[in-house]
Amino acid sequence: MLGIVLDLVIIASLIALAIQVVSGASLFRGIIHFIVMGLTLALAWARLGAPDLAMAEAAIGAGVTGALMMVAYRRLVEITPDHNPSRTGSRSRLALPIAVGAGGLVGLLGLGATLSDPEPGLAGLAVLEALQDEALGNPITGVLLLYRGLDTLLEIAVLLTAFLAAVAVTRREDLDYSITTRDPHTPLVGALLAIIVPLTVLVSVHLLKAGSHDPGGAFQAGAVLAACGVLLVLTSRVSASSQSRPLIGLGIVAGLISFSLIGLAAMLRGEPPMALPGMWAVYFIETAMMLSIALTLVLLFAGTESLRRNQHG
Amino acid sequence: MDNAALYVLAAAVLFGVGVYGLIVSAHLMRKLFAINIMGNAIFILMVAVAGPIDGAPDPVPQALVLTGIVIAVSATAFALALMVRLYQETGRATLADDNGPGNDD
Numbered sequence: 001m002l003g004i005v006l007d008l009v010i011i012a013s014l015i016a017l018a019i020q021v022v023s024g025a026s027l028f029r030g031i032i033h034f035i036v037m038g039l040t041l042a043l044a045w046a047r048l049g050a051p052d053l054a055m056a057e058a059a060i061g062a063g064v065t066g067a068l069m070m071v072a073y074r075r076l077v078e079i080t081p082d083h084n085p086s087r088t089g090s091r092s093r094l095a096l097p098i099a100v101g102a103g104g105l106v107g108l109l110g111l112g113a114t115l116s117d118p119e120p121g122l123a124g125l126a127v128l129e130a131l132q133d134e135a136l137g138n139p140i141t142g143v144l145l146l147y148r149g150l151d152t153l154l155e156i157a158v159l160l161t162a163f164l165a166a167v168a169v170t171r172r173e174d175l176d177y178s179i180t181t182r183d184p185h186t187p188l189v190g191a192l193l194a195i196i197v198p199l200t201v202l203v204s205v206h207l208l209k210a211g212s213h214d215p216g217g218a219f220q221a222g223a224v225l226a227a228c229g230v231l232l233v234l235t236s237r238v239s240a241s242s243q244s245r246p247l248i249g250l251g252i253v254a255g256l257i258s259f260s261l262i263g264l265a266a267m268l269r270g271e272p273p274m275a276l277p278g279m280w281a282v283y284f285i286e287t288a289m290m291l292s293i294a295l296t297l298v299l300l301f302a303g304t305e306s307l308r309r310n311q312h313g
Numbered sequence: 314m315d316n317a318a319l320y321v322l323a324a325a326v327l328f329g330v331g332v333y334g335l336i337v338s339a340h341l342m343r344k345l346f347a348i349n350i351m352g353n354a355i356f357i358l359m360v361a362v363a364g365p366i367d368g369a370p371d372p373v374p375q376a377l378v379l380t381g382i383v384i385a386v387s388a389t390a391f392a393l394a395l396m397v398r399l400y401q402e403t404g405r406a407t408l409a410d411d412n413g414p415g416n417d418d
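As they're listed, the protein sequences go chains H and L.
Okay, so the first sequence: first residue is 1 according to the numbering used here, each after it adds one.
Okay, so the second sequence: first residue is 314 according to the numbering used here, each after it adds one.
Read the hints as simulated data drawn from the structure, not as lab findings.
Yeah, the Cβ is synthetic: ideal placement off N, Cα and C, and Gly gets one too.
Any given hint could turn out to be false.
Partial pick of chain H residues on the chain L-facing surface, computed with a CB cut under 8 Å [stated by the list, open to error]:
(1) Ile19
(2) Pro139
(3) Arg182
(4) Val253
Next comes chain H alone, as it looks inside the complex (with noise of 0.2 Å):
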């Protein structure tokens, strides 16, 4: 009974919070109850039992898509100081039956899912029997990884494409410092960041060695390890560099080359591409992606293709 009422909450708040984010007054609240939404379906997440789904969309659905629109929001603001652009457009009368007709066609779909006692899914099935005998614990890792490893390995590329595309339209002469802390030289900045860093660099390596067994993974990992360094481009401790370097160009694709060259490895050996030669493989792919993953969202948020660090006392 509680837990119906908990339900109804959540779906109460993320509606209402989807129709404060598409009709709000300013973009900018819009960019806040966006966020909010993302921690609310987080719980919503939570209460499907998709814990792993629930720390990634609190990680990347909520705070680094919202850390990017705010950043977006911020250079906006720059070119055109009072940005409050009009709320709506077109006021097309025939919005509303679409809209209703598309979310009808969405209800009708799951509901005739839901409803007409639905068989448990076969490929989950068969993933939790041939679990059981590996040592991964968690059967969503094993999804990723082992069974369904070329969407991991294109997901990845994704990625890497996406923030290719990001640099190539991004004007250079543009890189803005104005989303760095003001003093970055105030003790309290030094302070915050000695007991920060260290913080979420260990939960970051916790959520990914804990992803082989219990909720958690490389996305997940990748999104805290990611907001740590937007918190050092925020304090100004690295900062945007039209210089590249190979180190940050190794780290962006490291996750990419070592599961394709692994994947590919197992052709040699005749067995079908992508298929791990064991543990370690699995923790060597996870912890060249988390790199990755980490390092492209860095670079996305500070809208450059190389980092420098800066020195503060």
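Given chain H, put chain L in place with the hints provided.
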């Protein structure tokens, strides 16, 4: 899962709100919000519809949604970069409507 039907309905409403926002918003960032809301609605639908297996949730749709979340943030990041560049070039963060420039022929 007894709350599956509830979340399916929530996904339907969220998708509708997303579609509405996508149509009526002029600003590209608002359109991005709306697209993300639509994506989230579909993610909820995928996980809610999947029946549990022996009491445990089905890992396959969850893995697919996890992939989807990362793809969504990648696409959003690229779209935001495009929007900023468009604003730098034209001073607008909206798309031309049908009788605007680019459709004069």
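Hint-by-hint comparison with the structure:
1. For Ile19/H, the suggested interface contact is upheld, since its CB lies about 6 Å from the closest CB of chain L, less than 8 Å.
2. Below 8 Å, beta-carbon pairs count as interface contacts, and Pro139/H has one with chain L at about 4 Å; its hint therefore holds.
3. Restraint check, Arg182/H versus chain L: the minimum CB separation of about 22 Å is more than 8 Å; hint violated.
4. Taken as an interface hint, Val253/H does not check out: its beta carbon lies about 15 Å from the nearest beta carbon of chain L, beyond 8 Å.
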